[in-house]
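Colleague: We have chain A; now place chain B with the ligands onto it with these hints.
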Amino acid sequence: MKLRYLKLDKIDGPLLFLSGVKQAFYDEMVDIVVEGNQHKKGRVVQINKDRVVIQVFEGTSGISLNNSSVAFSGSPMRIPLSKDVLGRVFNGIGDPIDGADFFAEQKYDISGRPINPVGRKYPRDYIQTGISSIDGLTTLIRGQKLPIFSGDGLPHNDVAAQIVKQAKISGDATANFAIVFAAMGIKHDEAEFFKRQFELSGVLNKVVMFVNLADDPIVERITTPRCALTAAEYLAFEHDMHILVIMTNMTSYAEALREISSAREEVPSRKGYPGYLYSDLASLYERAGMTKTSKGSITQIPILTMPNDDIAHPVPDLTGFITEGQIILSRELFQKNIYPPVNILPSLSRLMKDGIGEGFTRDDHPDLANQVFSAYTHVQEVRALAQVIGEEDISDLDKKYLELGRQFESKLLNQGFEANRSIEETLNIMWEILKAIPKGELTRVKPELIDKYYKG
Amino acid sequence: MNNEHSKAKIIYINGPVVKAENAEALKMREMVLIGRKKLIGEVVSVENENATLQVYEETSGLEWGEEVISTGKPLSVKLGPGILSNIFDGIERPLEQIYGMGSTFIPEGIGLISIDLNKPWETHITASVDDYLEEGSVYATVQETSMILHKLMVPPKTRGKVIFAEVDGRYNIEHIVIRLLNDEGEEVSLKLYQEWPVRTPRPVRQKKAIEKPLVTGQRVIDTFFPLAKGGTAAIPGGFGTGKTITQHQLAKWSDADMIVYIGCGERGNEMTEVLEDFPKIIDPRSEKSLMERTVLIANTSNMPVAAREASIYTGITIAEYYRDMGYHIAIMADSTSRWAEALREISGRLEEMPAEEGYPAYLPSRLAQFYERAAYVETLAGNEGSITIIGAVSPAGGDFSEPVTQNTKRVVSTFLALDKALAYSRHYPAINWHNSYSGYVSVLKDWYEENIAENMMELRAKILSILQEERKLLEIVKLVGEDILPDDQRLILEISKVIKVGYLQQSAYHKDDANVSLSKQYKMLTVIDKLYEAANRSIKEGVPISKVKNEEIFYKIITMKYKVSEENLELLDQLMQDIDEYYSSLEKMYKKGSGQNEAEISEVR
Ligand SMILES: Nc1ncnc2c1ncn2[C@@H]1O[C@H](COP(=O)(O)OP(=O)(O)OP(=O)(O)O)[C@@H](O)[C@H]1O
Ligand SMILES: [Mg+2]
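Residue numbers (this note's numbering), protein chains in the order written: chain A, 1 to 456; chain B, 457 to 1061.
Chain A with its partners taken away, still in its complex shape (with noise of 0.2 Å):
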């Protein structure tokens, strides 16, 4: 029988403070029995000596100084994985929330070990996503993580579900694929979309979900995408699937991480946040790639809203500094009725250099990518200049230019939520909108391309 401390002697916010306690470890998990009949978890976050700090993961409403018990478990937190989690849906902290009872042998530390960069696999295949702007311009890889930046009320949920649904890679590995979803802080409504998507594109039981709702326990925003990323090291490396994590949204998290960090009374950063919110949100994040001794891999596509649409607040910032590129969405664009509305210049993925061109997507794709985005740079300024002077007395060439920015809306980010192009239809949209300019502005593009491609 476990020893049970019966009191207790502070509660602040999610925390318990406990003293007297004989033996405890770091990091260890605890059990609390609230009245003699609700059990709520926790986790020791600081000892100091006899005295211990744990943080609740349920909440800590309905906790008094003694009407509750708390006993260590001797591990550190841990959730129960077998290849029956596809389907399935759990809360924060890994208990199953869909009426059914969920077991398993072999249990797993969520906190999740770094992955040896000697045991790294670069990876280096594509995804065709089917959205024009994300294959042509910041194609996605195979064990990448590439963000969503959005703001509040765009349809960043849209773009991942469409993703989701139109995903392939390319070979055998499809048969191979499921989907882990961390949803932390979303509202019902969208948790719901989500769900309806994954049902709509016949997933559903290709998909593991954790959940921790707006209105759930702060605490366990903390530990959902850790839950969320062991389920998909486990699917990934020893069952060789590959997995693609959708976390939304992960500006609640940090926010979740935040309001912790002040009740603990720690030194705040930017805008209050602990000063380990970069190292925290990489021990998410770095859980994506490939390895050499499994043929799986996990995919993450994290998902954030920007505060204010502030790509230099702490949450965006940081994110970029760790993920492999982002994929930002603009109001401007989604104000003029387009979807997706990304913003390709602002956007980026840094291991597409690597996974397109001759052998992967086609030969012209580096190049072409290169001179759609210079082009699409100098449309800007021709906007803004046309702005200044008027449209009519911009130069002949600046004219052109014009037309090509609208065409590249229209005809490549336009493509709406149904539509799943192929590589190859993108790749002939882009150099159909640089039709709108001369053929000697085509600086970026290789002569013998331009040859081979730029027909009419």
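These are computed hints drawn from the structure, not numbers from a lab.
This structure is a prediction, so every number in the text was calculated from the model and none was measured.
Positions of the beta carbon are idealized from the N, C-alpha and C atoms, including for glycine.
Among these hints, one or two may not hold up.
[Said to hold, decoys possible] Computed from the model, here is a short list of chain B residues facing chain A with C-beta under 10 Å:
| no. | residue |
| --- | --- |
| 1 | 563 |
| 2 | 730 |
| 3 | 791 |
| 4 | 794 |
| 5 | 880 |
| 6 | 883 |
[Unchecked claim] DMTMM-like mimics (lysine to aspartate or glutamate), calculated; alpha carbons at most 25 Å apart, straight line:
| no. | chain 1 | residue 1 | chain 2 | residue 2 |
| --- | --- | --- | --- | --- |
| 7 | A | 435 | A | 448 |
| 8 | A | 446 | B | 950 |
| 9 | A | 399 | B | 926 |
| 10 | B | 1005 | A | 441 |
Modeller: Quick look at chain B with the ligands alone, frame taken from chain A:
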């Protein structure tokens, strides 16, 4: 070494910060082993009978009451053959070997392993009995890789007469190859390695003046903002602006003898990429694989934060050791901001008084001390060697006014400012030519004049002034459009485009353009200068800009970086002739007064 167990016991655990009581015996900055798993840590403060430790491994699972064992020595690294071509964690533990233990993931409690103790090395003994060896003098050599001859040196503050010298043979690094009798009459055994505390700079005879460039093969750097052997540089930039790619480019192509690459709090995949790519890349100078001169230190962003703080020191200590052999080392730290943040995180957990933005008050001095370890030196043995430090800086929000960028700026001489707007338009490397600078331009002037060309630096200044001029003109263009400008000013805009697209832009991924010799850089500059001068003359003669901007000629110049290979640089002379011919005939035509004759002009082309 004092391995005796102290009775220090853990009383407090908070992430990487642990406190121990009963710790009077622990010394400041001493390395300790913590708990049953023997996690590695370092004493960062001592107060009464309590000591505070920073732990280089995950503390999850640690209990209060577990023992803390003193090692009696400061955090040190082993220095000997087996460092090159390898990858280590922040405290010099070999990641290959750890991987070989059977897991893809890094476990904790691996203990204090370092370079391979068992691998035999073909050793040539250079000292003989009765020689008197001074500190720093070489007593044996090992061909560590095909590129680097490893010189075993008498450690600093050690000297004496050789009383035993091993014969040449294959030995592991624990083998005693030399015994000295020092001036105090004590015997000193020398093996194939020595140990050195990472936080202490290794001594040199003297620091020397900086006068040679670190040639990088990157046009914007070598031509405009040069690095110097023994110098310092910072590469600040928001996310995705190209810090890592630039550092990789320098690691690949710079003319250092050896590269120490520290991945400090960055991505695992970036280290993997180096591990996969470098062995396949051939160094143009030695024609050997680049990995032969490279050592990697990896503390990726998800590895324990305290080891991130140490990784910088581990890297620089390794660099100093090879410098002492008389090599020129370039050390890249990507990113120094993560190191500063590690300082901040630990400082916060120690409840120290924060200064600017939560960083500890000692941030500026730590940064200065680190960069101070770069220098061009005369080694203890009297050779020349150097360490060049190139640090990436990752300012929050890309805003250079934050403390790490500002404090770094104060201590480095070359500042390569990466620019978001350039990166967005895919102008790579996105080094902004208005905000960047190099403090070495004047000291390197002589070198460039002697080794490249008399007028290289003049050309540099001229091209930069064209770009300055362009900046002013663009302000006007923004308001009124380009058409209003007189033709000579429009020419400035056109030439600036050529400079930007044809010269400054340099793709790291283009097989022929990733690395460019200084002679090609110089020739390309003269071509652009020729174009400007000839075109400018034509405009003065009244030729309209529409004719001066001949698409064919301009296209040839913009693409000369791809079309003219290092072996055929004379093609650039040809190009200059083409320019001359085209513009002279253009001028002639306009002088004749019949200038509007299209047919005649295209004939000339
Ligand atoms: N010289 C270059 N040639 C070609 N592409 C480049 C070059 N420099 C940067 N890039 C492009 O920019 C992308 C981002 O570069 P990099 O990863 O070096 O950024 P970073 O500044 O290190 O970002 P972070 O701070 O997030 O690590 C690269 O993936 C590449 O696509
Ligand atoms: Mg980087």
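Colleague: Now tell me if each hint is right for this structure.
Modeller: Now the hints, each set against the structure:
Hint status for residue 563 of chain B: holds, given a least beta-carbon distance of 7 Å to chain A, under 10 Å. Interface restraint check: residue 730 of chain B against chain A, minimum CB-CB distance 9 Å, threshold 10 Å, status holds. The criterion of a C-beta within 10 Å of any C-beta in chain A is met by residue 791 of chain B, whose closest approach is roughly 8 Å, and the hint holds. Because the beta carbon of residue 794 of chain B sits about 7 Å from the nearest beta carbon in chain A, less than 10 Å, this interface hint is met.
Among the interface hints, the one on residue 880 of chain B holds; its C-beta lies about 4 Å from the nearest C-beta in chain A, closer than the 10 Å criterion. About 8 Å separates the beta-carbon of residue 883 of chain B from the nearest beta-carbon of chain A, less than 10 Å, and the hint is met. A distance of roughly 16 Å separates the Cα atoms of residue 435 of chain A and residue 448 of chain A; the hinted pair therefore holds under the 25 Å criterion. Distance check on the hinted pair: residue 446 of chain A and residue 950 of chain B sit about 21 Å apart at the alpha-carbon level, within 25 Å; holds.
The hinted pair formed by residue 399 of chain A and residue 926 of chain B meets the criterion: a straight-line CA distance of about 22 Å does not exceed 25 Å. Straight-line distance between C-alpha atoms of residue 1005 of chain B and residue 441 of chain A comes to about 13 Å, which keeps the hinted pair within the 25 Å bound.
The structure meets every hint from the earlier list without exception.
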